[in-house]
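Chemist: So you can see what is in the structure, the chains are spelled out below.
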Amino acid sequence: MAKNLSGDLQVASANRLSDGVVVWLNDAGEWTTRLDLAAVAREGRAGEILLQRARAEAFSVIDPFLVAVIEEEGGVIEPLSLREKIRASGLTFDAIAAEAVRYA
Amino acid sequence: MPLYNEAGGLPATYVALSFADWRQRLDWPAVALANTDPVEDLAPHVGRLRLIVLDFPKFSDGRAYSQARLLRGRLGYRGELRATGGVLQDQVAFMLRCGFDSFESDQKGFGEALARARTLFSIVYQPTEDGRAPASLLRLKRRNVMASKR
Amino acid sequence: MPDTHFYRYDEYDRTLVAERVDQFRDQVRRRLAGELTEEQFKPLRLTNGLYLQLHAYMLRIAIPYGTLSSRQLRKLAEISRKYDRGYGHFTTRQNLQLNWIKLEDAPDALAALAEVDMHALQTSGNCIRNVTADHFAGAAADEIEDPRIWAEIVRQWSTLHPEFTFLPRKFKIAITGSPNDRAAVRVHDIGLRLWRNAAGEVGFEVIVGGGLGRTPMIGKTLRAFLPKNELLAYLEATLRVYNRYGRRDNLYKARIKILVHEVGVEKMRADVEAEYAEIRDGLLGLSDETVEAIARQFAPPHLPPRSSLVAAVEALRLEDRDFALWLKSNVAPHRVGGHAIVTASLKPAGAPPGDASAVQMEGMADIADAFSHGELRVSHEQNLIFPHVAIEDLPAVYAALGRLGFAEANVGKITDIIACPGLDYCALANARSIPVAQRISNHFADLARQHDIGDLKIKISGCINACGHHHVGHIGILGVDKNGVELYQLSLGGDVDFGKTALGTILGPAVTADKVVEAVDALVATYLDARIPGERFVDTHRRIGAQPFKERVYALV
Chain L
1 MAKNLSGDLQ VASANRLSDG VVVWLNDAGE WTTRLDLAAV AREGRAGEIL LQRARAEAFS
61 VIDPFLVAVI EEEGGVIEPL SLREKIRASG LTFDAIAAEA VRYA
Chain Z
1 MPLYNEAGGL PATYVALSFA DWRQRLDWPA VALANTDPVE DLAPHVGRLR LIVLDFPKFS
61 DGRAYSQARL LRGRLGYRGE LRATGGVLQD QVAFMLRCGF DSFESDQKGF GEALARARTL
121 FSIVYQPTED GRAPASLLRL KRRNVMASKR
Chain P
1 MPDTHFYRYD EYDRTLVAER VDQFRDQVRR RLAGELTEEQ FKPLRLTNGL YLQLHAYMLR
61 IAIPYGTLSS RQLRKLAEIS RKYDRGYGHF TTRQNLQLNW IKLEDAPDAL AALAEVDMHA
121 LQTSGNCIRN VTADHFAGAA ADEIEDPRIW AEIVRQWSTL HPEFTFLPRK FKIAITGSPN
181 DRAAVRVHDI GLRLWRNAAG EVGFEVIVGG GLGRTPMIGK TLRAFLPKNE LLAYLEATLR
241 VYNRYGRRDN LYKARIKILV HEVGVEKMRA DVEAEYAEIR DGLLGLSDET VEAIARQFAP
301 PHLPPRSSLV AAVEALRLED RDFALWLKSN VAPHRVGGHA IVTASLKPAG APPGDASAVQ
361 MEGMADIADA FSHGELRVSH EQNLIFPHVA IEDLPAVYAA LGRLGFAEAN VGKITDIIAC
421 PGLDYCALAN ARSIPVAQRI SNHFADLARQ HDIGDLKIKI SGCINACGHH HVGHIGILGV
481 DKNGVELYQL SLGGDVDFGK TALGTILGPA VTADKVVEAV DALVATYLDA RIPGERFVDT
541 HRRIGAQPFK ERVYALV
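Residue numbers (the numbering used here), protein chains in the order written: chain L, 1 to 104; chain Z, 1 to 150; chain P, 1 to 557.
Just so you know, the hints here were simulated from the structure itself, not pulled from any lab data.
What follows is a list of derived Cβ distance ranges for each label pair:
{"#": "1", "chain 1": "P", "residue 1": "Ala270", "chain 2": "L", "residue 2": "Arg102", "range": "51 to 61 angstroms"}
{"#": "2", "chain 1": "Z", "residue 1": "Arg25", "chain 2": "P", "residue 2": "Arg8", "range": "56 to 66 angstroms"}
{"#": "3", "chain 1": "P", "residue 1": "Ala427", "chain 2": "Z", "residue 2": "Met1", "range": "26 to 36 angstroms"}
{"#": "4", "chain 1": "Z", "residue 1": "Thr36", "chain 2": "P", "residue 2": "Ile532", "range": "50 to 60 angstroms"}
{"#": "5", "chain 1": "L", "residue 1": "Glu30", "chain 2": "P", "residue 2": "Glu551", "range": "50 to 60 angstroms"}
{"#": "6", "chain 1": "L", "residue 1": "Ser81", "chain 2": "Z", "residue 2": "Arg25", "range": "52 to 62 angstroms"}
{"#": "7", "chain 1": "P", "residue 1": "Asn442", "chain 2": "L", "residue 2": "Ser89", "range": "18 to 28 angstroms"}
If we take Cβ atoms under 7 angstroms as the criterion, some of the chain Z residues that face chain P in the derived model are:
{"#": "8", "residue": "Arg69"}
{"#": "9", "residue": "Phe94"}
{"#": "10", "residue": "Cys98"}
{"#": "11", "residue": "Ile123"}
{"#": "12", "residue": "Pro127"}
Output of the computed footprint for chain P on chain L, the stretches with three or more beta carbons under 8 angstroms from beta carbons of chain P:
{"#": "13", "stretch": "14-23"}
{"#": "14", "stretch": "51-63"}
{"#": "15", "stretch": "70-82"}
{"#": "16", "stretch": "85-98"}
Small disclaimer: the values here were computed from a predicted structure and weren't measured. C-beta: ideal position from N, C-alpha, C; glycine also.
With the sequences and hints as input, model every part of the structure.
Modeler: Structure, rendered in structure tokens:
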């Protein structure tokens with residue numbers, strides 16, 4: 001079972017300005033498309049600092065914000081809300097392919 | 001805030017009174033209206049007024065566009081019509097069409113954008129206070145020319 | 001290339017759209033260079049149709065009055081391949097949404113659109129949105145006058161209108177020219193209904209203040225009969241009153257329906273009429289010549305009357321049950337004998353409602369060229385329509401649609417579901433819509449059963465903004481979020497038919513996602529048990545009330 005091992009975990013996320021792609025801030029202060037590389041704030045104060053840092057790096061992204069996450073055993077980060085799960089992992093159904101004539 | 005004036009009206013330092021204050025001094029030539037002030041009440045006085053300032057509390061609050069058109073179109077106001085507040089270059093083409101001719105803006109590059117704004121769109125669809133012929137009128141004229149050639 | 005039978009851009013229209021693309025290209029450049037903040041840029045991109053959604057930008061392309069040529073549809077397919085992921089989503093407002101657009105590509109995509117006289121202007125933002133019209137316009141047997149002539153006139157007047165680009169909130173106009181309203185005019189900010197008065201003149205009933213969303217309201221009649229040529233002056237007067245006095249202090253109270261509700265329709269009418277009296281003799285009056293010049297472009301294709309009884313069609317009807325059902329549900333009467341209006345269902349079993357791949361779009365364009373004078377329509381029910389098909393061609397059209405997966409005989413039936421994109425795409429949504437639609441669609445896939453159930457409109461929205469029109473669904477489904485769990489609120493009794501327009505009533509507590517199909521099944525079972533012959537679901541509900549439905553649903557879930 002997923003459990004929250006260390007209090008209120010948060011990552012900073014945004015959409016990239018040039019193409020809208022979902023990104024997270026990593027430890028080096030760069031935006032990455034990989035949630036598993038995101039910098040994790042492990043308590044409230046650290047969250048504020050992370051958000052400030054994200055805002056300072058916001059030139060190439062749109063409106064950074066904090067996302068509540070949990071840490072699964074093995075250190076895998078997973079957003080708490082369905083919205084953020086979908087942002088992280090994409091559509092929950094298969095979109096029709098460009099060359100398809102039938103949805104399947 | 002820098003003033004960009006196409007009207008050659010009053011000096012930029014001239015104080016525009018609030019509508020309430022101006023009503024106490026109807027001979028004063030400059031008034032600043034809030035979006036909620038009734039522009040229609042200016043009707044008997046527009047001949048004397050030389051500066052009317054209209055406010056954009058935010059650039060996305062468009063009430064002053066209607067006020068401007070009423071002042072120009074309905075009341076026949078000919079003096080300087082100044083936009084203040086959220087005045088940004090990407091809205092200036094709309095402001096020109098509604099009859100504004102001076103602008104207070106602290107946006108970088110506003111002056112250059114203002115110079116370009118009149119040529120941004122060579123076609124318009126609506127008749128407004130800038131007097132430009134809308135596309136429907138151009139079409140009508142063209143059809144009449146073609147008909148007269150026949 | 002067949003001639004088009006609707007408005008073609010002239011040099012003026014083309015110039016304006018091209019200049020607008022240039023302007024947006026410069027705005028995008030300044031945004032990427034950091035010269036514009038997101039707050040400043042957002043309304044600029046929105047009025048050019050560009051949203052930011054969960055995973056990417058979305059481009060909402062206007063299909064004015066829902067009319068498309070085959071050439072335009074092919075270009076949409078090409079744009080979706082080149083700048084997106086090769087598919088698009090037809091919406092309830094006769095737009096096409098591409099879900100994976102890059103900001104840096106958007107100006108090029110718009111320039112490509114302009115090549116076929118299309119744009120994405122004012123498909124978002126607090127301005128006058130894409131004007132919608134009856135999707136059967138110009139073909140319907142019951143039509144008084146083609147509403148698209150007026151929709152085009154309104155399109156031009158509203159495009160880059162300098163006074164009305166920063167309204168309190170968005171503004172949607174719909175026009176119908178038939179007594180059977182297929183444009184839902186009573187649930188728009190302004191609905192226009194062409195009708196013929198006792199003197200035999202055709203004019204508009206002007207309806208104001210309808211809308212769905214957070215505060216659903218049925219529009220009220222502002223003017224019972226407006227002479228047609230005064231339309232723009234009357235619209236300008238109404239918009240001016242709204243722009244000046246509409247609320248701007250609260251986003252949720254900013255639509256014109258709230259203004260009308262708060263001041264009352266009598267005061268609204270007095271204000272509009274006073275403003276209108278000032279401008280009615282001004283430059284906005286439409287000359288007959290101007291209207292006729294536009295009307296000529298909507299002249300219908302020459303359709304020689306043919307026999308309505310075609311042996312091959314009759315033979316196939318008898319031998320192929322699905323074709324027979326398709327004729328019943330997807331084929332509507334045309335005003336010219338021997339012809340029909342064909343609706344291609346973009347709702348095959350289990351598919352996301354309204355989605356089409358690039359190949360499907362191209363296939364539809366081919367069918368339009370071969371059988372419908374190169375013309376298609378987009379309906380607010382998220383289907384595509386071939387407006388001018390000869391009855392003798394119906395078997396061929398049916399077969400061609402079958403090859404594209406769009407021959408489902410379900411138009412107006414329980415699987416012809418309207419659904420918004422929901423939480424899978426949309427930044428505003430609280431819950432998913434498409435997966436719910438898919439499960440219902442799969443559950444009721446059997447065509448014979450669907451036809452037995454009869455006309456039943458399910459409409460699903462993923463949030464209170466009601467893009468899926470749930471308020472006017474016979475069964476409305478609204479996704480809500482409760483402590484991070486998706487729940488679905490059911491409502492019954494909504495309707496958009498003219499004269500019967502009604503908002504649905506909430507049935508009871510919301511149900512969990514895994515119970516939605518069971519709940520809908522229970523609603524249907526209640527209807528099937530209680531109906532008397534000839535009664536539709538919504539009629540039975542009106543007759544017997546919500547209680548029997550409620551009991552059966554909540555006994556289950």
